[in-house]
Each structure stands twice: as structure tokens, then as C-alpha cells.
Amino acid sequence: MTHVEREQWDVVVVGAGGAGLRAAIEARRAGARTAVICKSLFGKAHTVMAEGGIAASMANVHPQDDWKTHFRDTMRGGKFLNQWRMAELHAQEAPERVWELETWGALFDRTPDGRISQRNFGGHEYPRLAHVGDRTGLELLRTLQQRSVGLQQEDHRETGDHEGRLKVFQEFTVTRILKDGDGRVSGVFCYERESGRFLVLEAPAVVLATGGIGKSFKVTSNSWEYTGDGHALALLAGAPLVNMEFVQFHPTGMVWPPSVKGILVTESVRGDGGVLRNSEGRRFMFDYVPDVFKEKYAETEEEGDRWYEDPDHNRRPPELLPRDEVARAINSEVKAGRGSPHGGVFLDVSTRMPAETIRRRLPSMYHQFKELADVDITAEAMEVGPTCHYVMGGVNVDSETAATVGVPGLFAAGEVAGGMHGSNRLGGNSLSDLLVFGRRAGLYAAQYALSGVGGGIVAADVDAAAAEALAPFGSASGASGGHGAERNADASGGRGPEGDAGPPENPYTLHQELQQTMNDLVGIIRREGEMAEALDRIAALRARARRVTVEGHRQFNPGWHLALDLRNMLLVGECVARAALERTESRGGHTREDYPAMDRAWRPVNLLCRLDGDGIALERTRTEPIRPDLLALFEQDELAKYLAEEELEGLEGSHGA
Amino acid sequence: MATGTEPPGSTTGVRSPGRAAIAARHLRTDRWWLSPAATAAGLLAFVVYSTWRAFANADYYAAPYVSPFYSPCLAENCVPMEDGPNWEIFGSWWGLSPALLILVFPLGFRLTCYYYRKAYYRGFWASPPACAVAEPHASYSGETRFPLLLQNLHRYFFYAALPVAGILTYDTVLTFRNADYAWGHAGLGTLIFLVNIALIWAYTLSCHSCRHIVGGRLKHFSKHPVRYRLWTWVGRLNARHMLLAWSSLISVALCDLYVYLLATGTFDDPRFF
Amino acid sequence: MSTYDARFRVWRGDVDGGELTDYTVEVHDGEVVLDVVHRLQATQTPDLAVRWNCKAGKCGSCSAEINGRPRLLCMTRMSVFARDEVITVTPMRAFPVVRDLVTDVSFNYAKAREIPAFVPPAGVGPGEYRMRQEDVERSQEFRKCIECFLCQDTCHVVRDHEENKGAFAGPRFLMRVAELDMHPLDAAEEAGLDRRRTAQEEHGLGYCNITKCCTEVCPESIHITDNALIPMKERVVDRKYDPLVWLGNTIRRRKTT
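Chains as they are written, first to last, in our numbering: chain A, 1 to 657; chain B, 1001 to 1273; chain C, 2001 to 2257.
No wet-lab data here; the hints were simulated from the structure.
Heads up, a few of these hints could be off.
[What the hints assert, rightly or not] Interface residues of chain C toward chain A, partial, derived using beta-carbon atoms under 10 Å:
id : residue
1  : D2100
2  : E2179
3  : V2236
4  : I2251
[Claimed, not checked] In silico SDA-like cross-links for lysine to any residue, where the CA-CA straight-line distance does not exceed 20 Å:
id : chain 1 : residue 1 : chain 2 : residue 2
5  : C       : K2240     : B       : N1152
6  : B       : K1118     : C       : H2223
7  : C       : K2144     : A       : H367
8  : C       : K2240     : B       : T1144
9  : B       : K1219     : C       : A2187
10 : B       : K1219     : C       : R2252
11 : C       : K2144     : A       : G271
12 : C       : K2240     : B       : A1126
13 : B       : K1219     : C       : D2029
14 : B       : K1219     : C       : L2193
15 : A       : K370      : C       : A2187
16 : B       : K1223     : C       : E2137
17 : A       : K294      : A       : T266
18 : B       : K1223     : C       : K2240
Ideal placement from N, C-alpha and C gives every residue a C-beta, glycine not left out.
So here's chain A without its partners, still in its complex pose (with noise of 0.2 Å):
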């Protein structure tokens, strides 16, 4: 058996973003014995890169806003696929949650009168984002980090140790769940990157709060850590994903140059006076404003632009079509071989505003080109294209507790969980989700793992993740680094059983190959041949990625590390593919060429993914109804557009009555 380090706590936390370092705190007031674990070092998670706000009906802008409207909001943006009690519950506590960072020390931009300022966004009614500049994400995750230490340093005050009752563990991977011999969670497997030794944690309570999936893309405005890690270790412990085929793509993602592929150009470069080009100059967006919203947009040039000065009078340009009509756009007109030069169109805003303006109106997108990219924005226009941006889809959770359907102490929050945000996201929705439901998480989970359940870890599945881990260095090599005791582990692990024949694979190309799959064929615009392909490549993938090899040892290894996560995004990518295929109809962020209109019958049905052997299985749910109250907050004429029939009888019979 191979000797690993073991450690316990009542609650281990997989990830320190916002959802993760909400849940831990939560847990410790709990009164549990919480440790986090993230894979980068504490207060680099990809929460800093969100940038518009945190949506929360305070009312501190205009007074007319509630968590009604708040509610009625998200449930549009998702198309009405959300987990409606999580959207209730989201817009309900979200104020709350945003007041309680400013008791640990968060500033946010405030109003003349000395409240939380809060600024519009798409798809919000009222003025509803509180922020900090462009950099909110970061003003949220540092003070849950700096509340993080707050409370180790009363710790320390009162029992000498900082570390007793939280703990991070940074730079460490979790590679496995494992449970006990009854399916109950009971603890983790991980391997520091530092050193490549491996740790066990033992708890009973464990939460996922990873975030989500866009390495597993070409383009994308994720960071590295963005490999799918929690779904994939959800799927191996037993539990199901849903909503896996909508990714929110962004349509204004950076394609050039390299340095700056997939980085977000944000929306108000748009809703500032930024158009949008092909490569013949022509303003291509008015040839895409789809039947529906004829009547919102302008139709000419001159008008649209009048709209800036003047928007009570006339219409608005269409470059401020919704996320996913202006995407498709782009797409479309790339395909037509319009396209930039770098595979892209021209954004442009240094033919529409003096310099100056620019500088004034768009600091930081000013500053971010200059800085990254070389680029005077103020001189030559941007190329842009869609960028992967969100998963909507995640961990199937209990709305209230953020539990796992099917693993007992097994929890989720943050976007590594699904349905709260249905088909699509709305802008300022991700960062009150992570602090609603990672407080939730953090409570649940602590009070679960306090009521005394849970068994012990089983020897075998800690020798297995050893083995799975050590697989990528070969069966033959000593190459485990300088910790002797693990030295062993090698001979046991290596590559599996299948004697995959075929030359070793290196891991980057492998993720190369991926991520281009992804890109082309489940990217923003999807069709059934394309999709089906993508199985096969993916199942190609996965049999090489058998054959990974890396070089070196074990201490900070890029190459190793980047083998252990190919398995997540491999096991994210398939889900992602197979739930876009058997979803025929366009909803949110998925949208099918061969079924261009969203289909009431969909609206009840959600795809579940779960692991079938090697591959994913789908499974077809229906939704739980919606409280009819909730469905009491919109028009009759509204709700016509989005339930299925069989919805709306019951719905009838209800109002009749």
C-alpha cells in the first residue's frame, strides 16, 4: 500500500474563488474544521478577472428595484431553463451578501450619498451592479481572502495556531474524491505542485467550488485553471452534471494578437460607439437583426448613430443586439470569408470618437491594448471574436443545501454547479451566485459533516489515485521526485491495463488538439455532423492521452500537471458534446444550425450527464414545475412564449380557477 500523508478536517473547500473562500468562512463560523484547497496560489483565482459587478437588488440607485425583478430578470436571461428556487433564492440574498463584504472591509464605488453605487448592465431592469471601477472581481475575492485571514488571526489569538480551524492549502490538486464503503464522501486525494507529493485530506463534507470549463476551448477569456476539474470529479464520485451543452460564448473576445487571444473587449466599448466591421468596411450587424427585434433597432447607419446623443428618439444601433445574436454575427461573416485577417472582425472605435474621448470614455480597455496587446485603439480598430466565456452548466445540486444529487457530502457552488443560470447568464449573476451559494454550501456542508456521519477512506482507492497520478512518468522510470516512500507507488501505477499500444503522446499537443476540436466543432455554432465528429475525436483523444508521457520529476511540473487535467477536460469536453447534440433546439448559450428556433417542449427537460464506464451517459429529466406563485410575477402573454404546452394547461387551470 502506498504510504501517503493524511490529514483531518471536518470540511475540505476544492478551490479558492469566490464560491470557495464564501463556502470556507461559512464553514468555519459553523463551527467546522474547514481546510481549502486551490490550485494556484491563495487570491489568484479567476475571480479577479470579473470585471462588471456584483447584481444585487439593493435599490440604492433606484428605489423601485426588488428581488422581484431581479428574479423576473435572470429567469429571461437563462430562457426560463434556470432552477427556479436557486434564482429565487440568488435574487433574495444576494443584497445581503454584498452588504456583509463591506463589515469585512470591501469598497465599493459609492452614490453621492455615500451608499453602494450600482450601475445598469444587459438584461437588468433596474440599475442593479454593485462594483468597484472595472474591477470588482478582484475587490470581492480580496476581501474574502482578507476576511480569510481575519478569522485565522482570531484563531490565533485565541488557541496560538492560525491553521487550526482554517487552512489553506495553496498549490495543491485534487485529483480524486474518495469516498467510504457505503458511497459516502470521505476525503479527497491531491498532489502538491511545489513538491509532487501527495496529501489525503479526510472529511466527510467535501465542497466543489472549481469554476468552470473554457481551457477545454481554443479561444477563451478562462485562465489555465479553468479545466473542468470539479465536474470531472463530480462525474468519477458518482454524480450528475446538467446543462452541460450551454457555454456562453462572449461575441467580443480579442483574436489578435496572440498575447491577447480570447481576452474580453468588455461592452461598453459597444454601448460607447464602437462598430462593428467586416473586411469590405461594411457595418455588418444591420444585416442580422433577427424579425423579432426589428422594431427595437435602427435600420440605418445615420440612425444608430443618432442613438448615442439621442436614444429617447431613435433606435438603437444593432452592434446592441444581445450577446448571442451579435456572436453569431460575427461567426457568420467570418465563415463567409469576410472575415478579418486573423480569423476575426473589426472593432472600431478610432474612426468614431476623437482620441481623447477614447482615452476619457474607455480607460482601461485604453490602457489594457497599449499595455498588451501594442495596440492604440485610438488609432487602429480591434479584431474581435466570440470568445468562450461561461459554463452555465455544472454539478447537479439540491437548490437549497448546494448538495449533490447522489453523493452523500458531496456539495457545489459557484459555476461549477448547474442551474441557477439556466440556458445563459446574465452580466453581474456569477458574482452574487458565488457568495449566495457558497455561504450556502459552506453551511450545509458544515452541518452535515458536524451531525457525525461519514466512514473511513479505503485503502485500494488511495493506491488507485496514486497509480492514476503516477501514470503520465511511465512504468519504468524512478522519475517520482525525491520523496522515497512514494518512489513505490510507481511500480504499482503506470500505465493501465489496456497496454495501449502506439508512441507516447505529449500532453500540450494533446490539449492542443482538444481545444481546436472543441473550437470548431461544439463552438458557438453547432450542427449534428459536426458535433458527432467531435465524439470521435474526443474518444481518439482519450485513448492517446493514455499514452501521455512527461518528462522530469515531480516537483513543479507544467508538463505532469497538465496530463492530470486532460482527463477532466476530456470527460468535460464529451459532456459538453453529447448534451449539444441531443438538445434540438437553439436555447441561451446553445445554439444549433439545424435548429435555429428555441422549442417550448424543451423548456421542462434537463439533459443529466453521468459517467458510463470510459464515456458519458445521458439521461433525460424533467424539471420540478414552477412554484406558481413565482410564475405569478410574469404576464400570461410572457410565460406563452417560453412553457410547453402541457405547462400552460396547468397554468391555465390554475388561473382559471
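Guided by the hints, dock chains B and C onto chain A, whose structure is given.
Just chains B and C, lined up with the frame of chain A:
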């Protein structure tokens, strides 16, 4: 293909045990030494010039101009200056140059100034010579101990620099006379004095201590709108503190040089009116 | 698109020693140093250790030293170098090395723990906080910090004097003290905590000789020296050295008693 960097012999600073074993004390490829060298040269030039002039005890008055190095003139051995800054506080026993009495204050103000500190710590003491260039000293205690602890007295010198700047302003007013003390005239010297006093005030008010006193020490700007506005103005000046430190240093030396040239008859003050 | 071969010299090794290793690697238009490091990983040195996350200058992970200057790898464009220049990349030299370009930055996390957290004001509930924009702006500037620790790396107080690490918190965390001291609602003083005194006596503010390297390397362009460290020094003077303030306080005390 590889350049070996053996674990180095010395074991301090960037070569401390545990740190990446790189023998070079720095790997900068730019001309990092230029800035500290230029700073040191500039400061040195001023020190040499001002020492000579301060000890000279001569050629500091050419009606109606008095050298800023000798104003106010606090001993009996001063040249009489009509309506000028002759205050014989020190009486007759002072036999040295009267400049030494007053220069203590502006000198102390500049010596403890946050910008000049940076300049001479880098330029003269190489602590550090430039960013990420290892300094040659074996130990370092910064401003935690005597005598450098006295840098905290900067604020006293700021208080003292205010009246000195006031007197130099008065001197500048006096330059609107001709050599016979008749009012309503001006010459090239008047212009030089005007520029100098503007720079002296800008430098004095842009001081970090001043910025702190006018508003920086407050916790709630919103409760003190006037001081907040003052703080904002001083802050804007403060951003140019280095520029003002150098330009006022040069202007005060030029002022003195101009008076010297007039007093020695090397040059005649061109009169405007 | 134009490409060329750049000459790189990267420090490879670990705590037991290492060396500057030469590589020739392809560079494309518009790339940053981190892109080139990634190409090295993918084509020549799969185990070259480097930290990075966002690649957009927002997380502060990829701190290193390029041609001897502390920089973020993702914010250093290749176009600032001549094509025939040898580009030297080393780990941060103020911290212990882990492997290749990765250093052990735990010093900073230990220091972070030594700065007492924000103290909420008594009797003000969540949602009742009222602060004006002008009151929060100073601290907001410091909260732009992405904790890349380049300022800690470049500061000669600890870079050149390992023995000072115990007594000196470094620019980033002295700035954190300033941030809290300037926070309009921080109630540390009411709770008996004097942040100014502790800045000087416990966090080593006196070691700072304001030579401004921290400000020079800050990728967020925070005016660390002018807006945090010097004001903090002045606040310490308020407490300890200013005669007028002392007089004012004495008179006020007399009035209230």
C-alpha cells in the same frame, strides 16, 4: 550552451542560501547607473557652488538684489540693504559669513525632503544604486536609528521653510526698484527673482509634509471640503515634487550667480523700465 | 505575420543550484514573454516550471525578472526588445527558489497575517455603511493591488538583506496598513489598536528609505511611495514627533477634562 552559475561564495542578499543561485549581483542590461550618477553629479555641483558662495561672505548684494543665500541677513557684519532683510539678531559677535546662519533652514528642509532623500540614498550611498541592483552594504537599518531617525524632523523644517520663503518673496518685491531704490522699475534680475520665488513656493508647498498637514491626515475628506480641496491641489503639485526640487535648486543658484555677476561688475543688469 | 528566432537565457534549477540555460525559440508578432515561455514548454522543455494564471495582468502570478528587472511575464511585450538581444529570464531573486522560474513566496503570506484585519465599526449593521466616494478613493487605489509581490521582490531592504525579513513587512503590506488606516470606517483605534504605532514598531516602516523602487515596478501603477508609505510616515510623525500636533492634542485634552 549553459552558463554555469555555481552556488556562490558570498551568502547575503540575492546570494542568500535558498535563493536562485545566480552569481551576478544584477542582470540589468540597461544603463541603470546613469540616473544615480547624474543625480550625484548634480547634487555635488550644487554643494560645491553653494559652499563656495556661502563662505565667501562677499558679492551677495547688488542693489536692489540680494542673493537668496544671504537673506535674511542676521548678523551685524551684513552689507546694509535699504529696506532689505537686515535683522541683526546675532549682533556683532558673529564673525563668519552670515549666510551660514540662515542656510541651515533651507538646507535642512531639502536634506530631509522625501525626494532628496531618495536622490542621495541612491546617488551617494548606493542604497540601492538602482532598482534590483544589489547594494554594497553588509547591513542596513534604514531610518530606524540615529542619525537617520532624524529624517522624521522634516516637518519642523517645513515649518521653518515657510517664513524663509516669505522673506524671499519680500526680497522679490524689493526688486521692483532700481539701483537707487526708486520704486516702479524692473530689470532682468526682477524676472529671475520672480521665477525663482515661484519655484521656491511651488517646491515648498508641494512637500509631502505639507500635503499631509493640509489634509492628508484626515480620515473623512467629506467632512472637511476646503481642506480636501487643498489636499487635492497640493497633491497635484506633489506629483511634480522631483521636478520642482531640481528646478528650484537650479533657480536659486542662478539667482545667486546673477547677483554675484552684478556685484562683481561682470555684468550689468538690463533694465526693462 | 512575421516570425523570428529569439535568444533566451532562462534560469533552470532548484534550491540545490542551477544555471542560466540558452534557448533559441520562435517568436511571432505581438507576443509577450509569457507566450515565448509557453512555446518553450510545448516544444523544448515540457517541465519548465512557471507560475501563471490570467495572462492579462490581473492576477499577479507570473512575476519574474527579465533582463534583471522585476516584471510580469504576461505584461512584457517582445516588441520592447531588439531582435538580436539575448533575453534573460530568472525567478524573483528576493525569495527562495522552488524550481526554475517559480519561487517560494510564503514570506508574503506570513506578513499578510501579521497585519490586523479591518475592524468593523460598532453599532453599524450590514447595509448601514455610509461612505463618500472621496473618502474611499485613497484606500481604493491600494486595493487595486494584484499581489504580484514585485514590490516586495525589488525592495532592497529585504532583497539585499535577508536578515531584515523578520522586522520588515515590505511595501505591499505597509500599504495594506495605510489602506486600513485611511479606511473611513475602520474602528481599530476604538478597539485599542493603533495602526500608526504598529506600522513603525511592528511592521518596520522605518526601514523604508523611500527610494521608490516599489513604485517603479508596480504593474498597477499604484503610487505606493507617495500615497501610502510617505503618508504613513507622516502619520507616524503625528503620533511621535510633531510639536504642534502634540500641543493641539494637549489643549484639546484639557478642554474635555
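Hint check results:
1. Taking 10 Å as the C-beta contact cut-off toward chain A, the hint placing D2100 of chain C at the interface holds, the least distance being around 7 Å.
2. With its C-beta approaching chain A no nearer than about 9 Å, E2179 of chain C sits inside the 10 Å limit, and its interface hint holds.
3. Among the interface hints, the one on V2236 of chain C is violated; its C-beta lies about 22 Å from the nearest C-beta in chain A, farther than the 10 Å criterion.
4. About 32 Å separates the beta-carbon of I2251 of chain C from the nearest beta-carbon of chain A, more than 10 Å, and the hint is not met.
5. Annotation: proposed proximity of K2240 of chain C to N1152 of chain B holds, straight-line Cα distance about 9 Å (limit 20 Å).
6. A distance of roughly 15 Å separates the Cα atoms of K1118 of chain B and H2223 of chain C; the hinted pair therefore holds under the 20 Å criterion.
7. Restraint check for K2144 of chain C and H367 of chain A: satisfied, since their Cα atoms lie roughly 15 Å apart, inside the 20 Å limit.
8. Restraint check for K2240 of chain C and T1144 of chain B: satisfied, since their Cα atoms lie roughly 13 Å apart, inside the 20 Å limit.
9. The suggested pairing of K1219 of chain B with A2187 of chain C holds, with an alpha-carbon distance near 11 Å, which does not exceed 20 Å.
10. For the hint pairing K1219 of chain B with R2252 of chain C, the CA-to-CA distance comes to about 18 Å; that is within 20 Å, so the pair holds.
11. Using a Cα cut-off of 20 Å, the hinted pair K2144 of chain C and G271 of chain A is violated, with the two alpha carbons roughly 25 Å apart.
12. At most 20 Å may separate the alpha-carbon atoms for a hinted pair to count; K2240 of chain C and A1126 of chain B exceed this at roughly 29 Å.
13. Between K1219 of chain B and D2029 of chain C, the direct Cα distance comes to roughly 49 Å. Violation of the 20 Å bound is thereby established for this hinted pair.
14. For the given pair, K1219 of chain B sits about 16 Å from L2193 of chain C by alpha-carbon distance, which is consistent with the 20 Å threshold.
15. The straight-line distance between the Cα atoms of K370 of chain A and A2187 of chain C is roughly 41 Å, outside the 20 Å bound, and the hint therefore fails.
16. With a C-alpha separation of about 15 Å, the suggested pair K1223 of chain B and E2137 of chain C falls inside the 20 Å cut-off, and the hint holds.
17. Distance hint between K294 of chain A and T266 of chain A is unfulfilled; the C-alpha atoms sit about 25 Å from each other, more than 20 Å.
18. Proximity of K1223 of chain B to K2240 of chain C is assessed by CA-CA distance (about 25 Å); at most 20 Å being required, the pair is judged violated.
The structure does not agree with the numbered hints 3, 4, 11, 12, 13, 15, 17 and 18 stated previously, though it agrees with the rest.
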